[in-house]
Amino acid sequence: MLLTIHNAQLQKVAYIDNEKQDTLNYYDDKFSQYLKTANSTFEFTVYKRGIKSDTIKEKAYLTLTERSFVSFKYNGKSYLFNVMTTDETDTEIHCYCENLNLELLNEYAGPYKAANQMTFVDYCNLFGVLRFGAISIGVNEVADAKRTIEWTGQDTNLKRLLSIANNFDAEIEFVTNLKSDSSLKSFVMNIYKKYDGKNQGVGRRRDDIILQYGKNIETVRRKIDKTNLYNAIRPSGRSTTTTTTNTRQGAAPLSKVSWSGGNLTYAGHVMTSSTVSTILNLCSKYKLLPSGVFSQLYLESFWGDTPVGRSDNNWGGITWTGATTRPSGIIVSQGQPRAEGGFYNHYASVDDYLKDYTYLLAEQGIYAVKGKSTIDEYTKGLFRVGGATYDYAAAGYTHYAPLMRDIRGGINRNNNGAMDNVDNQFKSGGTTSAGVSQVASKTKAILDEASGLKGRLVGSGQCYALSAWWAMKLDGPGLGGGVTGFRGLIGAGQAASNIGTDYNWGQFGWKVVQPNKVADLIAGSIANIKANASGPVYTTGWGHTVIIKSLSGDTLTVLEQNFAGHQYVEERTYSASAYLSVIQTLCYPPEIVQGKRVEGTVTQEEPQDESVTTTEEKEVSINPSLYREWKNDKGQVEFYVKNGLLYAPLSKSLYPSAFTGIETDDNWIRKDLQVETESEEVLISTGTCRFKETLLSRNYL
Numbered sequence: 001m002l003l004t005i006h007n008a009q010l011q012k013v014a015y016i017d018n019e020k021q022d023t024l025n026y027y028d029d030k031f032s033q034y035l036k037t038a039n040s041t042f043e044f045t046v047y048k049r050g051i052k053s054d055t056i057k058e059k060a061y062l063t064l065t066e067r068s069f070v071s072f073k074y075n076g077k078s079y080l081f082n083v084m085t086t087d088e089t090d091t092e093i094h095c096y097c098e099n100l101n102l103e104l105l106n107e108y109a110g111p112y113k114a115a116n117q118m119t120f121v122d123y124c125n126l127f128g129v130l131r132f133g134a135i136s137i138g139v140n141e142v143a144d145a146k147r148t149i150e151w152t153g154q155d156t157n158l159k160r161l162l163s164i165a166n167n168f169d170a171e172i173e174f175v176t177n178l179k180s181d182s183s184l185k186s187f188v189m190n191i192y193k194k195y196d197g198k199n200q201g202v203g204r205r206r207d208d209i210i211l212q213y214g215k216n217i218e219t220v221r222r223k224i225d226k227t228n229l230y231n232a233i234r235p236s237g238r239s240t241t242t243t244t245t246n247t248r249q250g251a252a253p254l255s256k257v258s259w260s261g262g263n264l265t266y267a268g269h270v271m272t273s274s275t276v277s278t279i280l281n282l283c284s285k286y287k288l289l290p291s292g293v294f295s296q297l298y299l300e301s302f303w304g305d306t307p308v309g310r311s312d313n314n315w316g317g318i319t320w321t322g323a324t325t326r327p328s329g330i331i332v333s334q335g336q337p338r339a340e341g342g343f344y345n346h347y348a349s350v351d352d353y354l355k356d357y358t359y360l361l362a363e364q365g366i367y368a369v370k371g372k373s374t375i376d377e378y379t380k381g382l383f384r385v386g387g388a389t390y391d392y393a394a395a396g397y398t399h400y401a402p403l404m405r406d407i408r409g410g411i412n413r414n415n416n417g418a419m420d421n422v423d424n425q426f427k428s429g430g431t432t433s434a435g436v437s438q439v440a441s442k443t444k445a446i447l448d449e450a451s452g453l454k455g456r457l458v459g460s461g462q463c464y465a466l467s468a469w470w471a472m473k474l475d476g477p478g479l480g481g482g483v484t485g486f487r488g489l490i491g492a493g494q495a496a497s498n499i500g501t502d503y504n505w506g507q508f509g510w511k512v513v514q515p516n517k518v519a520d521l522i523a524g525s526i527a528n529i530k531a532n533a534s535g536p537v538y539t540t541g542w543g544h545t546v547i548i549k550s551l552s553g554d555t556l557t558v559l560e561q562n563f564a565g566h567q568y569v570e571e572r573t574y575s576a577s578a579y580l581s582v583i584q585t586l587c588y589p590p591e592i593v594q595g596k597r598v599e600g601t602v603t604q605e606e607p608q609d610e611s612v613t614t615t616e617e618k619e620v621s622i623n624p625s626l627y628r629e630w631k632n633d634k635g636q637v638e639f640y641v642k643n644g645l646l647y648a649p650l651s652k653s654l655y656p657s658a659f660t661g662i663e664t665d666d667n668w669i670r671k672d673l674q675v676e677t678e679s680e681e682v683l684i685s686t687g688t689c690r691f692k693e694t695l696l697s698r699n700y701l
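full-length UniProt numbering puts the first residue of the sequence shown at 1, with every later residue one more than the last.
Everything labelled a hint here was simulated from the structure, so no lab data went into it. Glycine is no exception: its CB is placed at the ideal position from the N, C-alpha and C atoms. One should not assume that every hint holds.
Label-pair ranges, simulated between beta-carbon atoms [claimed, not checked]: (1) G417 x Q33: 54 to 62 Å; (2) T91 x I224: 35 to 43 Å; (3) N125 x I209: 38 to 46 Å; (4) N166 x Q33: 17 to 25 Å; (5) S273 x F486: 42 to 50 Å; (6) Y538 x N125: 26 to 34 Å; (7) F486 x R206: 47 to 55 Å; (8) R310 x E43: 43 to 51 Å; (9) G371 x R310: 28 to 36 Å; (10) G387 x V121: 27 to 35 Å; (11) T63 x Y538: 58 to 66 Å; (12) I209 x D665: 48 to 56 Å; (13) G410 x E629: 31 to 39 Å; (14) G417 x E43: 55 to 63 Å.
Simulated pairs of lysine-lysine, BS3-like, Cα-Cα distance not exceeding 25 Å [as the list claims (entries may be wrong)]: (15) K48 x K12; (16) K12 x K185; (17) K285 x K355; (18) K372 x K287; (19) K692 x K631; (20) K517 x K444; (21) K634 x K652; (22) K549 x K517; (23) K48 x K20; (24) K159 x K113; (25) K370 x K427; (26) K146 x K159; (27) K77 x K179; (28) K36 x K193; (29) K287 x K427; (30) K444 x K549; (31) K30 x K48; (32) K215 x K30; (33) K194 x K159.
Given the sequences, and given the hints that come with them, work out the whole structure.
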């Protein structure tokens, strides 16, 4: 196979060919292609020898450096590799190469939470991987699909691409096309629906080939792995009992959950009795399941026993946005730097953090945990699968849920049923209600202040500047415009029409929507007008942006700047139904997100009949008195049930838990297994199936 060496400008500078004597030769070569990471690697070693074309100053092997590229053809396809590392001695050069560019491999993409559903290509353009990576799209089998995705940390552009593909149930491949002179013609990314038996994915099915040892298979390697081996399983499930009672509820003070049990302890970590009481009062105020809050705080920071928890009183890693006043009203400052970029919030006290944290869970309109009565319902409400606007953790509900269940169970066992106690108090307290203020008081006050700006120039005098002032006053992102610096910027930050998507509004407690009815035009919102609109507002390619002051019937009143070249704030009215057609996005401030309104009033809820549902969970396990066994074809006992556990005795004989096995009284390697079932038979069958899958895959049976 002929290898071509290219310099940094992709010009051919040398050849490596094992079939010719007058070129460099290579050996120990290895070409690997990976579906999971969508890339290919090529390794080879070149002997440093002189050839006829060498001169005193220029030798062929000197062209092979970390700035070089290597190309070849294989099975009719062209491959171009970037030399990533070289390992050179006085006699040879070993090269490790990857087929992707440094933009994909080394460039990082930051945290991002999408406000709306976007296509695969939209996300690629958002992070600039197509333009900056010189990538063009070829096949795209998911072109019509849209997703709303969130990333909380930094990734390389390649990992971000793979994450996008995974969210779209897709697979990607990169194809290099070279010109006749071996320079780059195109670098194409193909996007396929993931293989599922119906869709093929990357590659193609080859029913025409039968693999035979000695014919088209040179060697066979067998690898046995006894890491993560276990031979005793304790399966458990859950039984749920639901009781519904009807009660007459009125406008009464919220029920309280009391605590007199001292400190909580779990796995070496302690929560003081006073902190427990603080949390329970906040849970009562916001109708949050106590065990859900205790478990989540432990999962996030071991109850504050982390560097950030200790120095910044920040038990959940809440990120600093630049705003000193949180939507909850709590004052914060900049804390420790985050490893993935940015900083954490610093809270003056743990009590301040707990107030902000519970307010975030219950009142900011992001999560659906309020009023949940079981740990599973509470956990599901943290994720989109349970009605949340965004996923609380990037790992997802299926990863987070078993951790929450295990932690709740551990805290409960270690503290004499404390979690059952506080949850039962919470449930039996009913759903009493208190007076609810629907007034968006802060938004209303700032709107009054904005009205006082009429006739005055704000910032740069552009329309953008007025929205920048409004966002600043309500602790939103920094839009620039001669008013602030940039904060939360994820796009270009230039066109007024794109204000809704150029900034991470959700990070600041705001929400971006695409309106489809007049009722969406809520007072206090930023309305971003489409580019090149043709009435009732006529815009250029930059669009326009305004503040909605009020809506009455079909009359929409807005505050705007730089309308018709007037670089000062003016108040105008429009037909709301006509104006709706030119709005690209609306940005709702935090109080609007919470359901409050500028024109709202303080109301007292009328007494009403309500149903209170109480759910009690109990652990289900195998009856300790049950004995059952399964034998193989040789009459040997492969598995048996005893004392509530499943055992694999053959595995135990082959792989003792300690040395030879005679050195210990307990020669079993145990694993707990949680199954979503109330049936003992399902626990048994699941446990035996898990044994067979694990042991057979390792050739232990």
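Verification of the supplied hints:
1. A hinted range of 54 to 62 Å for the beta carbons of G417 and Q33 is consistent with their spacing of about 55 Å.
2. At about 37 Å, the beta-carbon gap between T91 and I224 stays in the expected band of 35 to 43 Å.
3. Between N125 and I209 the CB atoms are about 39 Å apart, so this pair conforms to the stated range of 38 to 46 Å.
4. In this structure the supplied range 17 to 25 Å holds for N166 paired with Q33, their Cβ-Cβ distance being about 19 Å.
5. Our hint of 42 to 50 Å for S273 and F486 holds, since their Cβ atoms are close to 45 Å apart.
6. Separated by about 28 Å at the C-beta atoms, Y538 and N125 satisfy the suggested range of 26 to 34 Å.
7. The hinted range of 47 to 55 Å is satisfied by F486 and R206, whose Cβ atoms lie roughly 53 Å apart.
8. Remark: the range hint 43 to 51 Å for R310 to E43 is upheld by a beta-carbon distance near 46 Å.
9. The hint said 28 to 36 Å for the Cβ distance between G371 and R310, and at roughly 33 Å that hint holds.
10. With their beta carbons about 29 Å apart, G387 and V121 fall inside the hinted range of 27 to 35 Å.
11. The supplied range of 58 to 66 Å is met by T63 and Y538, whose beta-carbon atoms lie about 60 Å from each other.
12. Between I209 and D665, the C-beta spacing of about 54 Å keeps the proposed range 48 to 56 Å intact.
13. For the pair G410 and E629, the beta carbons lie near 32 Å from each other, so the given range of 31 to 39 Å is met.
14. For the pair G417 and E43, the beta carbons lie near 59 Å from each other, so the given range of 55 to 63 Å is met.
15. Straight-line distance between C-alpha atoms of K48 and K12 comes to about 19 Å, which keeps the hinted pair within the 25 Å bound.
16. The straight-line distance between the Cα atoms of K12 and K185 is roughly 14 Å, inside the 25 Å bound, and the hint therefore holds.
17. For the given pair, K285 sits about 10 Å from K355 by alpha-carbon distance, which is consistent with the 25 Å threshold.
18. Pair hint K372 plus K287 holds up; C-alpha atoms about 8 Å apart against a cutoff of 25 Å.
19. Pair hint K692 plus K631 holds up; C-alpha atoms about 13 Å apart against a cutoff of 25 Å.
20. A C-alpha spacing of about 23 Å is found between K517 and K444, which places the hinted pair at or below 25 Å, so the restraint holds.
21. Distance restraint check for K634 and K652: the Cα-Cα separation of roughly 17 Å lies within the 25 Å cut-off, and the hinted pair is therefore satisfied.
22. Straight-line distance between C-alpha atoms of K549 and K517 comes to about 17 Å, which keeps the hinted pair within the 25 Å bound.
23. Annotation: proposed proximity of K48 to K20 holds, straight-line Cα distance about 16 Å (limit 25 Å).
24. Between K159 and K113, the direct Cα distance comes to roughly 16 Å. Compliance with the 25 Å bound is thereby established for this hinted pair.
25. About 13 Å separates the Cα atoms of K370 and K427, which keeps this hinted pair within 25 Å; it holds.
26. A hinted pair counts as satisfied when its Cα atoms are at most 25 Å apart, and K146 with K159 qualifies at roughly 19 Å.
27. Of the supplied pair hints, the one linking K77 and K179 holds, its CA atoms being roughly 12 Å apart against a limit of 25 Å.
28. With a CA separation close to 14 Å, the supplied pair K36 and K193 stays within the 25 Å bound.
29. A threshold of 25 Å between alpha carbons decides the hint, and for K287 with K427 the separation of about 10 Å falls inside it, so the pair holds.
30. A hinted pair counts as satisfied when its Cα atoms are at most 25 Å apart, and K444 with K549 qualifies at roughly 9 Å.
31. Restraint check for K30 and K48: satisfied, since their Cα atoms lie roughly 19 Å apart, inside the 25 Å limit.
32. Between the alpha carbons of K215 and K30 the distance comes to roughly 20 Å, so the proposed pair stays at or under 25 Å and holds.
33. Between K194 and K159 the alpha-carbon distance is near 17 Å, which keeps this suggested pair within the 25 Å criterion.
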